[in-house]
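Novice: Protein sequence lines, in the order shown, are assigned to chains A and B. Everything in the first sequence is counted per my numbering, starting at -6 for the first residue and increasing by one. Everything in the second sequence is counted per my numbering, starting at -6 for the first residue and increasing by one.
Since the hints were made in silico from the structure, they are not lab data. All C-beta atoms in this analysis are idealised placements derived from N, C-alpha and C, irrespective of residue type, glycine included. Among these hints, one or two may not hold up.
[Said to hold, decoys possible] Chain A stretches covered by chain B per the calculated footprint, using a threshold of three residues with CB under 8 Å from any CB of chain B:
| # | stretch |
| --- | --- |
| 1 | 45 to 57 |
| 2 | 68 to 82 |
| 3 | 119 to 129 |
| 4 | 160 to 169 |
[Stated by the list, open to error] Far from chain A, by Cβ distances over 12 Å, these chain B residues were calculated:
| # | residue |
| --- | --- |
| 5 | 21 |
| 6 | 22 |
| 7 | 32 |
| 8 | 36 |
| 9 | 41 |
| 10 | 60 |
| 11 | 119 |
| 12 | 157 |
| 13 | 192 |
| 14 | 195 |
| 15 | 200 |
| 16 | 201 |
| 17 | 207 |
| 18 | 208 |
2 protein chains.
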Amino acid sequence: MNEPLTLHSYWRSSAAYRVRIGLNLKGLDYGIAPVHLLQDGGRQHDPDYAAMNPQQLVPTLQHGHRTLLQSLAILEYLDEVFPAPPLLPATARERVRVRALAQLVACDIHPLNNLRVLQYLQREIGIDDTARDGWARHWMQSGLAAMEALLVEDPGTGDFCHGQTPGMADCCLVPQLYNARRFGMDLVSWPTLVRIEQACLALPAFEAARPENQPDAPPA
Amino acid sequence: MNEPLTLHSYWRSSAAYRVRIGLNLKGLDYGIAPVHLLQDGGRQHDPDYAAMNPQQLVPTLQHGHRTLLQSLAILEYLDEVFPAPPLLPATARERVRVRALAQLVACDIHPLNNLRVLQYLQREIGIDDTARDGWARHWMQSGLAAMEALLVEDPGTGDFCHGQTPGMADCCLVPQLYNARRFGMDLVSWPTLVRIEQACLALPAFEAARPENQPDAPPA
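Please take these sequences and the hints and turn them into a complete structure.
Specialist: Here is the structure:
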């Protein structure tokens, strides 16, 4: 399994951010191949990239000759191939909880707010910036409120989304809160989410994965 | 593990449809608790349901006293607790492929087209039925075209999305094609998807899970 790992990433993509955190938590060496989502109409539509990832989305992870798609599928793969430290807990009833928290973000919040969707709303539906931002905040509001409720009421919640070590749900939460701040949201209603985010960002694995610390981030 | 299984389901929800297929493939006995998504403003918003599922979405699976959320997390749980027959293949490199195909549907197509999103587009953004249907078809078009490409080019594709037995990706594909037909899409451009769908629907597990065969489906 000592084959090279290359992540096709964009500094501000929250799906790529999830995978960067996972790779860092596993202590893996990997290269970053930046895919500029806004340059020349979007480099993710370049034929070479589209041949590798027909969805023309980031991230894509190459592991040796294998091409891996979908951020949560990639995190599951990393957890199977590089088991320590684990991103998922030990029992089925714990794992279903962590996966559900991750999917709450990855299925029910983020896909509604990513770049291609916001572009479609503006270019095809014709809404203005205010309505676009209202749309984005609406789905973050409902999803994050549900996530706060699920975390507050469950004794499985610890310093992190599940227990005392970071895992797959934290890989999703932290990028989503970064996005929420980009859209000017006040996170004060979700103290548990913010507390967990701060615990995560104190760790080098999360710090190194932050958008502003990526090689393709613009100068501050 | 002989505790009762109850699925909170809506006949036409494609996320609930996925879990019905998974339960049926495992040969499990389960009860259906219908949640009418359109009645009285949506029964998923009833306080009793919202207390169980703060996202106020279907499906929810109860297994004994445990409450399980998110269709793909539930399918993973079923595969861990009731291993035979498996919904995921044996190796990490096969599993990442199947999970990515499932997530292509569950993260990048379906969340954009589900009821709450279409309602928001009409009620808050103010688009008409034509623009709403165009929106839904746009995301199905791009996602299903990518799925067809991923299936055609990979020797892992068999009678089903992966190999000769149905699995997690098929649990997602079949409900999504049902949705595509609801929106009047012509599926002729995706012969592999349709071929796999037909292989699936020939199986009793898929047949029994079809929307029109649910206890809460309206009379034909």
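Novice: Each hint: holds or not?
Specialist: Checked hints:
no.: 1; hint: 45 to 57; result: holds (count 4)
no.: 2; hint: 68 to 82; result: holds (count 4)
no.: 3; hint: 119 to 129; result: holds (count 4)
no.: 4; hint: 160 to 169; result: violated (count 0)
no.: 5; hint: 21; result: holds, 15 Å
no.: 6; hint: 22; result: holds, 19 Å
no.: 7; hint: 32; result: holds, 20 Å
no.: 8; hint: 36; result: holds, 17 Å
no.: 9; hint: 41; result: holds, 15 Å
no.: 10; hint: 60; result: violated, 10 Å
no.: 11; hint: 119; result: violated, 9 Å
no.: 12; hint: 157; result: holds, 22 Å
no.: 13; hint: 192; result: holds, 22 Å
no.: 14; hint: 195; result: holds, 28 Å
no.: 15; hint: 200; result: holds, 26 Å
no.: 16; hint: 201; result: holds, 24 Å
no.: 17; hint: 207; result: holds, 22 Å
no.: 18; hint: 208; result: holds, 25 Å
Violated hints for the displayed structure, listed by number in ascending order: 4, 10 and 11.
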